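Enquirer: Here the protein sequences line up with chains G and Z, keeping their order.
Under our numbering, the residue at position 61 of the first sequence is numbered 61, and the numbers go up by one with no gaps.
Convert by adding 1000 to the 1-based position in the second sequence; the result is the number in our numbering.
It should be emphasised that the hints constitute simulated quantities derived from the structure, not laboratory data.
Note that the structure is predicted; figures quoted are calculated from it, not measured.
Don't take each hint at face value.
Unchecked claim - Here are the computed distance ranges between Cβ atoms for each label pair: (1) Z:1130 x G:53: 35 to 43 Å; (2) G:114 x Z:1080: 49 to 57 Å; (3) Z:1129 x G:68: 40 to 48 Å; (4) Z:1127 x G:114: 30 to 38 Å; (5) Z:1202 x G:24: 39 to 47 Å.
Ideal Cβ placement from N, Cα and C applies to all residues, glycine included.
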Amino acid sequence: MLSIESLQKRYPTGDLALRGVDLSLEPGAVLGLIGPSGAGKSTLIRCVNRLVEPTSGLIKLDGQNLLELDRRRLREARRSIGMIFQEYALVERLTVMENLLSGRLGYVGFWPSWFRRFPQADIDRAFELLERVGLSGMENKRADALSGGQRQRVGIARALMQEPRLLLVDEPTASLDPKTSRNVMRLILELCRERGLAAIVNIHDVVLATEFLPRIVGLRAGEVVYDGSAAQVDESVLSRIYGEEDWSAMTRRMNADSVEASGGLPEERDVAVA
Amino acid sequence: MISPTLERSGGQTRLWIRPPFIQSARLRWSLWAGALIYLVLAIGSLEVNWARLSLGLERGLAFVVAFLRPDFVSRWDEILIGFQESLTMTLTSTAVGVALSIPVAVGAARNLAPTPIYLACRGFIAVSRTLNEIIVAIFLVAMFGFGPFAGFLTLTFATIGFMAKLLAEDIEEIEAAQLEALRATGAGPMQVLDYAVLSQVLPRLAGLSLYRLDINFRESAVIGIVGAGGIGSTLNTAMDRYEFDSAAAVIIVIIAIVLCAEYLSGWVRRKVQ
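The following block holds chain G by itself, in its conformation from the complex:
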């Protein structure tokens, strides 16, 4: 559904952030993008919805080349690409409900959105999603009154309000504690599976990545240096992505986790509790 071909991005400062990235994603497939800081992970996913304008290359979503769309068509295309952010990027002073409904802005006109008169279907959908991410009854709380885990759930729900086909997830767990991180990752993966969404998940935590994500793409200095199954990520692969280091302790932990994960997603009871 998504194919990226020889994607290049050069920033005005002259830094070449992406040097010809090729990547393709099947419908409903989920991949983890790992790599050192500055490798171009953030740039790559922001090129997909053109929050960052690529310098050259091709990005096709269901056959449509995203890079040649005019502004209006681009806004239409963005509706089907949901995005989840590291620091949640909620509008802090607005209520949880307004944050969720802001995911529908691409579908409603300016005046209805100004007066917060969204179609009933959108409101029903918002309540449904709130329940699904475990935040029932929170609709009138202000976003800045929530905890980190709760905020990220609002961020996830907002992305799903768009009814996307593809999710771009940028470091969803970087500001969360380990347990909340696992809950949030599990929630994202479950929702992708339920709704058949494809997703690209940028993630720093290699252990978490290999545990939850079946396919791993390693980015180093703007180039793909690994693209394969999570099970095959070993010391040599980590060295290829991050550089030489004693990776044995980390790979031991990854192996221990993958034994536990052999039956699919690791299950825990408290999915909906943050």
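Chain Z: place on chain G using the hints.
Expert: Then chain Z, alone, in the frame of chain G:
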């Protein structure tokens, strides 16, 4: 008492003084001397008319005495009309000025506006802030004649510059992540402004508007003196007629209203945070 350390270092005390801002002692002292000579010459060049000064002091004393028994009664109608004009001028110019300042502020924010629009809006702000209200008022009184309409235009113009500059700075400091997130949903530019920008700057917008309401009332008293209507005109007339007791009444009412406005705006600002 001499500490053991000092005795050990042979009884030598180590003094410390703060290093002077200007290193060279000669330059430092000649600057002081220069300043002193200038001051003496400057005072020497003043031509003081002692007769005029004593007359002024007498009038000043009359004024102070008048202050002790302000006369609200004899010119009450004029004072009332003056205040009505001033308050009308203040409210209308603040409302119109704030409304117009919002688009200018968006245009003057580096993170939202393309360069040509940015430069145009910043240019307008610079002009509006450079020209003092009194100068603008003199100009507009010449164009539109005496009366509160010129005052309304003056204060509107000043309000736009003031609000747009401070609001633009606030917009430039909003969290870029929220902007990005709203753009990523496929929202149009106006919707992004509403959800990501307005919601973040709203408390500041409300606070600044109330502050400006304060300033506009005070300014309305000042620009009245050059003919732009309002309480300033009343005050000016009273002074011209040497009716210091009425003038004192006007000033007391101005002070009371400014105090009330300040207290009120502070209260509202605390509420909207």
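Enquirer: For each hint, tell me whether it holds in the structure or not.
Expert: Hints versus structure:
1. Z:1130 x G:53: 35 to 43 Å: Between residue 1130 of chain Z and residue 53 of chain G, where Cβ atoms are some 38 Å apart, the hint holds.
2. G:114 x Z:1080: 49 to 57 Å: This hint is violated: roughly 41 Å between Cβ atoms.
3. Z:1129 x G:68: 40 to 48 Å: holds (44 Å)
4. Z:1127 x G:114: 30 to 38 Å: Since residue 1127 of chain Z and residue 114 of chain G have Cβ atoms about 32 Å apart, the given range 30 to 38 Å holds.
5. Z:1202 x G:24: 39 to 47 Å: With a Cβ separation near 44 Å, residue 1202 of chain Z and residue 24 of chain G satisfy 39 to 47 Å, so the hint holds.
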